[in-house]
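Visitor: Please construct the entire structure, taking both the sequences and the accompanying hints into account.
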Amino acid sequence: MSGHAGESFAELPVAPKPALRRFHQARWDEPIIFEQSRPGRRGIAVPAAGVPPVELPDAVRRAEPPKLPEMSQLHVLRHYVRLSQENLGVDQAIAVGQGTCTMKYSPKVNDRFVTDPRIAELHPLQPEDTVQGVLEIYWRLERMFAEISGMHRVSLQPASGSAAIYANIAMIRAYHASRGDGERRDQVITTMFSHPSNAACAKVAGYEVITLMPDENGYPDIEALRAAAGPRTAALMITNPEDTGIFNPRIEEFVRIVHEAGGLACYDQANANGLLGVTRAADAGFDLCHFNLHKTFSTPHMCGGPAGGASCVSEALAPFLPGPTVEFDGEKYHLDADRPLSVGKTRPFLGVTPNVVRAYAWIAALGAQGLREVAETAVLNNNYLMHKILQIPGASAHWPGGRVEQVRYSWQGLFEETGVHSEEIGVRAADFGVHYWTSHHPYLVPEPFTLEPTESYSQEDLDEYAAILAHVADEARRDPDLVRGAPYNQTIHKIDPTSLEDPKQWSPTWRAYTRKHLA
Amino acid sequence: MTHPYIPNAEPGVRAEMLAAIGAASVEDFYAAIPEGLRLGRPLDLPEPMASEHELVAHMRGLLARNTDTTELLSFLGHGCYPHHVPAVCDEVNGRSEFLTAYAGEPYEDHGRFQAIFEYVSMMAELLEMDVVNVPTYDGHQAAGTAIRMAARYTGRSKVLLSGAVAADKMSKLRDFLDHDIELVIAPVGPGGEIGDVEIDETFAAIYLETPNVYGVVETRGRELADLAHAVGALLVVSADPISLGVLAPPASYGADIACGDIQSLGMHQSYGGGQAGYIATRDEERLVAEFPSRLFGIAPTAVPGEYGFGDVFYDRTSFALREEGKEWVGTAAALWGITAGVYLALMGPQGMREIGETILARTRYAMDRLTEAGARVLHADSVHFREFAIETPSSDALLAALREHGILGGVRLDDRTLLVCVTERHSKHDIDRLAAAVQEGLA
Numbered sequence: 001m002s003g004h005a006g007e008s009f010a011e012l013p014v015a016p017k018p019a020l021r022r023f024h025q026a027r028w029d030e031p032i033i034f035e036q037s038r039p040g041r042r043g044i045a046v047p048a049a050g051v052p053p054v055e056l057p058d059a060v061r062r063a064e065p066p067k068l069p070e071m072s073q074l075h076v077l078r079h080y081v082r083l084s085q086e087n088l089g090v091d092q093a094i095a096v097g098q099g100t101c102t103m104k105y106s107p108k109v110n111d112r113f114v115t116d117p118r119i120a121e122l123h124p125l126q127p128e129d130t131v132q133g134v135l136e137i138y139w140r141l142e143r144m145f146a147e148i149s150g151m152h153r154v155s156l157q158p159a160s161g162s163a164a165i166y167a168n169i170a171m172i173r174a175y176h177a178s179r180g181d182g183e184r185r186d187q188v189i190t191t192m193f194s195h196p197s198n199a200a201c202a203k204v205a206g207y208e209v210i211t212l213m214p215d216e217n218g219y220p221d222i223e224a225l226r227a228a229a230g231p232r233t234a235a236l237m238i239t240n241p242e243d244t245g246i247f248n249p250r251i252e253e254f255v256r257i258v259h260e261a262g263g264l265a266c267y268d269q270a271n272a273n274g275l276l277g278v279t280r281a282a283d284a285g286f287d288l289c290h291f292n293l294h295k296t297f298s299t300p301h302m303c304g305g306p307a308g309g310a311s312c313v314s315e316a317l318a319p320f321l322p323g324p325t326v327e328f329d330g331e332k333y334h335l336d337a338d339r340p341l342s343v344g345k346t347r348p349f350l351g352v353t354p355n356v357v358r359a360y361a362w363i364a365a366l367g368a369q370g371l372r373e374v375a376e377t378a379v380l381n382n383n384y385l386m387h388k389i390l391q392i393p394g395a396s397a398h399w400p401g402g403r404v405e406q407v408r409y410s411w412q413g414l415f416e417e418t419g420v421h422s423e424e425i426g427v428r429a430a431d432f433g434v435h436y437w438t439s440h441h442p443y444l445v446p447e448p449f450t451l452e453p454t455e456s457y458s459q460e461d462l463d464e465y466a467a468i469l470a471h472v473a474d475e476a477r478r479d480p481d482l483v484r485g486a487p488y489n490q491t492i493h494k495i496d497p498t499s500l501e502d503p504k505q506w507s508p509t510w511r512a513y514t515r516k517h518l519a
Numbered sequence: 001m002t003h004p005y006i007p008n009a010e011p012g013v014r015a016e017m018l019a020a021i022g023a024a025s026v027e028d029f030y031a032a033i034p035e036g037l038r039l040g041r042p043l044d045l046p047e048p049m050a051s052e053h054e055l056v057a058h059m060r061g062l063l064a065r066n067t068d069t070t071e072l073l074s075f076l077g078h079g080c081y082p083h084h085v086p087a088v089c090d091e092v093n094g095r096s097e098f099l100t101a102y103a104g105e106p107y108e109d110h111g112r113f114q115a116i117f118e119y120v121s122m123m124a125e126l127l128e129m130d131v132v133n134v135p136t137y138d139g140h141q142a143a144g145t146a147i148r149m150a151a152r153y154t155g156r157s158k159v160l161l162s163g164a165v166a167a168d169k170m171s172k173l174r175d176f177l178d179h180d181i182e183l184v185i186a187p188v189g190p191g192g193e194i195g196d197v198e199i200d201e202t203f204a205a206i207y208l209e210t211p212n213v214y215g216v217v218e219t220r221g222r223e224l225a226d227l228a229h230a231v232g233a234l235l236v237v238s239a240d241p242i243s244l245g246v247l248a249p250p251a252s253y254g255a256d257i258a259c260g261d262i263q264s265l266g267m268h269q270s271y272g273g274g275q276a277g278y279i280a281t282r283d284e285e286r287l288v289a290e291f292p293s294r295l296f297g298i299a300p301t302a303v304p305g306e307y308g309f310g311d312v313f314y315d316r317t318s319f320a321l322r323e324e325g326k327e328w329v330g331t332a333a334a335l336w337g338i339t340a341g342v343y344l345a346l347m348g349p350q351g352m353r354e355i356g357e358t359i360l361a362r363t364r365y366a367m368d369r370l371t372e373a374g375a376r377v378l379h380a381d382s383v384h385f386r387e388f389a390i391e392t393p394s395s396d397a398l399l400a401a402l403r404e405h406g407i408l409g410g411v412r413l414d415d416r417t418l419l420v421c422v423t424e425r426h427s428k429h430d431i432d433r434l435a436a437a438v439q440e441g442l443a
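Same order as they appear, the protein sequences are chains P and L. Letter by letter, the first sequence follows residues 1 to 519 in the UniProt record's numbering. Letter by letter, the second sequence follows residues 1 to 443 in the UniProt record's numbering.
By construction, these hints were calculated from the structure, which means they are not laboratory data. Here the structure is a predicted model, which means the values were calculated and not measured. The C-beta atom is built at its ideal place from N, Cα and C for all residues, glycine as well.
Under the rule of at most 25 Å between Cα atoms (straight-line distance), these lysine to any residue pairs were calculated in the SDA-like manner:
1) Lys108/P / Glu54/L
2) Lys158/L / Glu183/P
3) Lys504/P / Gly310/L
4) Lys388/P / Pro18/P
5) Lys332/P / Arg65/L
6) Lys108/P / Glu91/L
7) Lys332/P / Asp44/L
8) Lys516/P / Glu285/L
9) Lys67/P / Glu306/L
10) Lys108/P / Ala87/L
11) Lys158/L / Arg184/P
12) Lys494/P / Ala103/L
13) Lys516/P / Glu306/L
14) Lys158/L / Ala177/P
15) Lys332/P / Leu45/L
16) Lys332/P / Ala57/L
17) Lys388/P / Glu475/P
18) Lys67/P / Glu357/L
19) Lys388/P / Ala31/L
20) Lys108/P / Thr2/L
21) Lys428/L / Gly50/P
22) Lys494/P / Gly310/L
23) Lys17/P / Asp463/P
24) Lys504/P / Glu285/L
25) Lys516/P / Pro300/L
26) Lys332/P / Arg403/L
Listed below are several chain L residues computed to face chain P (Cβ distance under 8 Å; list not exhaustive):
27) Leu62
28) Asn66
29) Gly79
30) Gly245
31) Trp336
Chain P residues, not near chain L, derived (Cβ > 12 Å throughout):
32) Pro13
33) Pro16
34) Arg153
35) Arg184
36) Arg232
37) Ala261
38) Glu315
39) Asp336
40) Gln412
Guide: Next comes the structure, spelled out in structure tokens:
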């Protein structure tokens, strides 16, 4: 009880907020769902057959019922609502710490369009006259991406950015094969700061991968490209700006070198957010490019997908696009599956439709001027945040020069001084309610961290994020063990990951865990 | 006007930030982009919607030109299925904390790790296998990767594929595998099951689907597993998880890798947007090493009784090793995995058995009713789950006749063959309506 007269422990006005938020993440200490099961309970009723049952032959009949949890509806719901609260999404947090991922605001209104039955309850093989609205959205979005990239045609079929990279490589392979040049051209050139999927997808498609390393200024080494390009070159797969945030000003020359060798140039535009309406893939001579709907074009990241990719190609590559394509005859929209040179299907049906709808609505709401404003603000935000971060002793941008929409920073200075690693800084930062990511491997930039503030965050957000990192860096100096022992204000405490690499102990499912550890 | 999505577009804020940096204009930050590469004009895009209301009105106009499967009576399946989606599934995957989070780390996104761990764990019980991946894009990709895993595991580059596979899936498999894995197609037998099979020591795997493209449940799984194992090959089985409350899981008859699509488990049809793929194996280090996907496992924390999670065996992925990793990994379909977990938790063992029984019974009922209506049902003596094929004088003519009754009668497989899909959403009355319309259409 409180409120007894004369028993005041504080006074109005309420004191000002401290410099940093006194954050604590939800901590429900939630058991694994199987631990909440009681035989006989159930979460939903199923329609009874209402017609005679079918007796299955022994060979196909399940012998034992699956050991799934048995729970009432409220308890299933409550469990998952609690787990949802133990996350930091864009809607709660200042999500600038997941560089390369372009964590921006996904407008709520766009989610409504995709839960409408006229999207959610559409079957992908319905007759064309019953799906003119969704086909028009596909068509309009394709034309928008054609304009944004300067390319001729676009496929929205790929399920993600990496799937679009694979689709692009499949088209490159089909293009060279159609010219009788497929056997000889067995190499793909990429760069160390292009997303790893460029290298990995090329390998799966059967190519030998050549990776260009950065030169002393952080640019991909053009001399190495000259040495690598030749009659065996199928394509250059390159990101620009690369994951360092550095724009390669000689990109046109890179493209020319590869073209002169008879190869194709393919642009990974995962980092397009700072370039919308500024410069286009076609302007630098690229033959193919791709966008991620869930990065630049705002569709929510959904804990790791569903995502969406747009593969954009020049006129020469258009015959190889995945099929069917959406076509418009001036009156009606229809699907064209009669495309003999097509690489075929890269995914079931036409694409990740909910994200196609969201991306369309996002561009429709912004228009040309809005997209340009997105790009300029993303770049302004990044340079502002960089300005703040570089004032923190021990932080650096590793390479000189400007950055576009993100920066791969380094804590090498702080590490040399304190012995605290970048990962540990990130875990401690989570105690203040933000996420922070290091880098893909290998860590060419030592003690890396990658920030990408997009256009969605306010100046105050950026100030807060920089203040958190400055505070944690200061803690690393004053009390490194405090940082190493983090987190304290998170859902859980410090994890011991050693069992995750040990086949005798690892437990990738509850079934494996109970067998190995609870038997 | 400062756009509502772009807080720092406000001119005063912009000026203050530029001043703080010491830049004259945003143009300074684009100095690295050569003049020749600049677009130099505004993008040629439609005029923006000036308000949220106008956007809604515009989108409503587009959506009004769709007619969905709650307005038409649809028997379309063929890889995307009209199952009931429990409201709790929509509630959970609509939570903005799940919707707007990303890959995250095991601390600040603990809930996401636990929810995905629980999804794979419930799938593991359904499949009776100990290892299940964080979802890949869809069942097509899952099949392609499962076959590649078998090829890497055995060091062989030839696979025997059931011919009873959907044409678009076959197209994907060819695009994904053809250049370094030889695909030998097994004939379809008279009952609609896989026909005669011959393999030798050069084969990496037999790939089977059940129910297959014709809705036929394959009954010779054990025999095929034995055949494969006798020559050191694997059995890879694609199975729809919604059937596994009643049908034997692939592992029970000797499959080494199971795979498939989880759209049936709580995802709307969404014009093909609800697909996600699973891959499962036993817990054998050499097999686990072949997964490209992330795998999440339990790890202890500093506090007794607290579950932590992390990546199992990370150093096989392209995130860790680029082209030296196994295929590639990236953003795929995590939220559909979480949703499928919610679905399985709601259904439990009883619900999964009951839905299987209902679908089996209604599929058979529809086959019988259409036979009575004069349709020729293919493979009528075989066990079917959810789908069956009928032969008609003209697919197009029958579909057109059914449309007159507001019915989407099935997926056209060819000029004379239609594939009809029946789920728990189709009542006896719906099926009777279809039968009556088919009778009239064939008359």
